[in-house]
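Asker: Could you put together the complete structure from these sequences and hints?
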Amino acid sequence: ETGVTQSPTHLIKTRGQQVTLRCSSQSGHNTVSWYQQALGQGPQFIFQYYREEENGRGNFPPRFSGLQFPNYSSELNVNALELDDSALYLCASSPEAGEATDTQYFGPGTRLTVL
Amino acid sequence: SQQGEEDPQALSIQEGENATMNCSYKTSINNLQWYRQNSGRGLVHLILIRSNEREKHSGRLRVTLDTSKKSSSLLITASRAADTASYFCATGSGTSYGKLTFGQGTILTVHP
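These protein sequence lines map, in sequence, to chains Z and V.
Residues 1 to 115 in the working numbering are what the first sequence spells out, letter by letter.
Residues 1001 to 1112 in the working numbering are what the second sequence spells out, letter by letter.
FYI, nobody ran anything at the bench for these hints, they're computed from the structure.
No incorrect hints appear here.
Now the in silico label distances, taken between C-beta atoms and shown as ranges:
1) 1059/V / 61/Z: 38 to 44 Å
2) 54/Z / 1010/V: 35 to 41 Å
3) 2/Z / 1040/V: 21 to 27 Å
4) 41/Z / 1052/V: 29 to 35 Å
5) 1081/V / 63/Z: 41 to 47 Å
6) 1007/V / 11/Z: 30 to 36 Å
7) 1056/V / 2/Z: 23 to 29 Å
With the Cβ distance kept under 10 Å, some of the chain V side facing chain Z (calculated, not the full set):
8) 1042
9) 1044
10) 1100
Every residue, glycine too, gets a C-beta built ideally from N, C-alpha and C.
Answerer: In structure tokens, the structure reads:
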């Protein structure tokens, strides 16, 4: 069974640029959630994708967008990067969507630095 | 915004001692989960306790949940240096479509 994978591991961008982060869900999981974790803080929910559609969204502006593909992998896109976007971005997959009753399985994260 | 608050923010103990971390939350929940994070990498799921459960065990871990006080505790018995990590509680609500709300975490250091 393959766990959740994310790419790239690290990324450095400058303010105003755009970035795409990628996530492959754990085998058999059809739901992917994205979280942002600032240094010294707990993860904050960005959004969740289920069956290629956004299934819920946290308190993040529209310049944070995503996609889910038929194989359940997912992308997180951030436009017009700001310095405060510097964080660890975590992807998590789970077997089902709709209720937060399932354990979420996290990938290793992508460390984004915005200069 | 963070739902939960962990206490203490940092805990330093010797190998073999027990470590207890507490978590408080604000709204009604379906379940509460504990995760571990090593050195700013991905989170590892430790244990999930549902709102109708009061206590749960997994190996050296013991979790309690008091929904009347909106609080939970994680006990790690006979700690090891490898338990050094950040520990987060996360709550799930039936109306939050898969969203987990995390606390700010407890940094545990276990000295050999």
